[in-house]
Every structure is written in C-alpha cells, then in structure tokens.
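S.K.: Residues per chain are reported as follows:
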Amino acid sequence: MAKVELKQKQKTEIEDSSSLKGTLASVFLLGFFIIITWLSVYFLFVDRF
Amino acid sequence: MHMHKLEKVWLIFGISCLIIFLTTIGVSAFYLGNKPPSCLLTIDPEKVDQQAPFNKPGLHKVEGKEWDYELVYVASAFSYNPGQVEVPLGAKVKVIATTKDVIHGFEVAGTNINMMLEPGYISEYTTTFDKAGEYLIVCNEYCGSGHHLMFSKIEVVKK
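Quick mapping for you: the protein sequence lines, in order, are chains A and B. Residue numbers are given in our numbering: position 22 of the first sequence equals residue 1223, and the series is strictly consecutive. Residue numbers are given in our numbering: position 85 of the second sequence equals residue 177, and the series is strictly consecutive.
Certain hints may be false.
Below are the SDA-like pairs computed for lysine to any residue, each with C-alpha atoms no more than 25 Å apart in a straight line [unchecked claim]: (1) K97/B x L1221/A; (2) K97/B x L1245/A; (3) K157/B x V194/B; (4) K250/B x L1245/A; (5) K157/B x D141/B; (6) K223/B x R1249/A; (7) K245/B x L1245/A; (8) K100/B x I1236/A; (9) K139/B x M208/B; (10) K245/B x E226/B; (11) K250/B x H239/B; (12) K153/B x R1249/A; (13) K223/B x S244/B; (14) K97/B x R1249/A; (15) K153/B x T203/B; (16) K245/B x D141/B; (17) K127/B x Y227/B; (18) K1222/A x V154/B; (19) K100/B x F1233/A; (20) K192/B x A144/B; (21) K127/B x L1225/A; (22) K127/B x K1222/A; (23) K148/B x S171/B; (24) K153/B x E226/B; (25) K1222/A x C109/B; (26) K192/B x K223/B; (27) K186/B x L1221/A; (28) K1222/A x K100/B; (29) K97/B x F1244/A.
Residues on chain A that point at chain B, a partial pick, calculated with CB under 10 Å [claimed, not checked]: (30) A1203; (31) S1219; (32) L1221; (33) K1222; (34) T1224; (35) L1225; (36) V1228; (37) F1229; (38) I1236; (39) W1239; (40) S1241.
Since the hints were made in silico from the structure, they are not lab data. Note that the Cβ used here is the ideal one computed from N, Cα and C, for glycine as well.
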C-alpha cells in the first residue's frame, strides 16, 4: 500500500545567501578595471601636447 | 534599513570614484578653463579668405598674448592651407582653423589637437609643442571623394 508521507519530517536545506564575498570581489574587479583604463587615458592625455 | 556590510563597502567605493572623476572634469573645465575647440566663435563661411586671421594662413608670431604664435589653417575640399609648417620647439601656439565648404576634421595624429571644423565656426586649440618631430594632420570627418587625400604637415624643429 502507498504510504502517506505527511508525517515525514524532512528539512529542506536553505543555502546561506548572506555571504557577499564573491559579489564584492567581482565589483572590485570591475571597479579596478574602470579605474585603470580611466587613469591610462588620463595620463595619455596629460603626456601628449 | 538593513544593509550588508560589504554592500556599504562597494557603495562607498563607487560613489567616491564618481566624485573623484567628476571633480577632475569640473576642475579642468571651471578652474583650468578647458573648453571644446569650437566654442561660440563664428565666421561667414563665404568670406573666410577676406577676414583676419584667415586671409593670411600660416604661422605668425604674436606679442602681448598668453601664447607666442598663432597657427592659422583654412580647410577646404580636399586640402589644408598651409600644406606644411615649421614650428619652433617649445613654442606655445594657438591653432586657429575653419572651413570654407563642408565639415572637415583636423587631427594632428598622435597629439591632443583634434578638432571638428564646421562651416561658419572657428575652432581653436592652444598647446605647447614640446616634442620635436614631424606631425601629420589628417581629416577625420568624411568630406567627399578626396577625403583620404586631405593632409598637411607640422614640423616641430629645434631652433
């Protein structure tokens, strides 16, 4: 016979999403890329006449 | 409002970058007085040849101004007048240019002198020629069938 599964106690694991380290790393990666390209264009402009 | 600690970190980082970049532009424009090459100066494009300084294109020494020389160019399809100019090394020069017919470009390749010449408007750029060498001026706005043949030369020489 089929078992009624209503009484089975199974916990669903919830992934811990509060860590934002990866997001921080990617934000800074993009940030530094923008800063480096901005600075290189700026210094190119300053260096030329 | 709850905000994650790291979220605050990158928000502060991003906002301070924005402030620094915008301040740089603000200082350049309002303190150093940098402006677009074509800035409110107009001329009748049909009478370019009769009007000063375009009646005498070329390099002229000037007195009592912030710059030592004025380098005047008249562009027309498909050439620049003058075709070749010698500039002394270290001279502070105001490049003044306009066009007689259609829109032309005025790019001194490898330098910051890069202007658009529009009929009816005068474009100017002041700079110090502090690197010797031969510089090619090219048209970088498509102006017609001879566009690719349009060029001029600046020689920066030690005197």
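S.K.: Holds or violated: K250/B with L1245/A, Cα cutoff 25 Å?
M.R.: holds, 24 Å
S.K.: Are K100/B and I1236/A close enough, with their CA atoms no more than 25 Å apart?
M.R.: holds, 19 Å
S.K.: Under the criterion that the straight-line Cα-Cα distance not exceed 25 Å, is the pair K192/B, K223/B satisfied?
M.R.: violated, 31 Å
S.K.: Does K1222/A pass the interface check with chain B, least Cβ-Cβ distance below 10 Å?
M.R.: For K1222/A, the interface hint holds, since the closest Cβ of chain B sits about 7 Å away, which is under 10 Å.
S.K.: Take the C-alpha atoms of K139/B and M208/B, compute the straight-line distance between them, and say whether it is at most 25 Å.
M.R.: Given that 25 Å is the threshold and the Cα spacing comes to 19 Å, the pair holds.
S.K.: Is the straight-line distance between the alpha-carbon of K157/B and that of D141/B 25 Å or less?
M.R.: Distance ~24 Å between K157/B and D141/B Cα, so the pair holds.
S.K.: Is the Cα-Cα distance between K186/B and L1221/A 25 Å or less?
M.R.: violated, 54 Å
S.K.: Taken at face value, is the distance from the CA of D141/B to the CA of K245/B at most 25 Å?
M.R.: holds, 21 Å
S.K.: Would the stated hint for S1219/A survive a check requiring a Cβ distance to chain B of less than 10 Å?
M.R.: holds, 7 Å
S.K.: Is the straight-line distance between the alpha-carbon of K97/B and that of L1221/A 25 Å or less?
M.R.: holds, 9 Å
S.K.: Are W1239/A and chain B close enough, Cβ to Cβ, to be under 10 Å, as the hint says?
M.R.: holds, 7 Å
S.K.: Has the given pair, K245/B with L1245/A, been kept, meaning a C-alpha gap of at most 25 Å?
M.R.: holds, 22 Å
Comparing the model with each numbered hint stated earlier shows that hints 2, 3, 11, 14, 18, 21, 22, 26, 27, 29, 30 and 40 do not hold.
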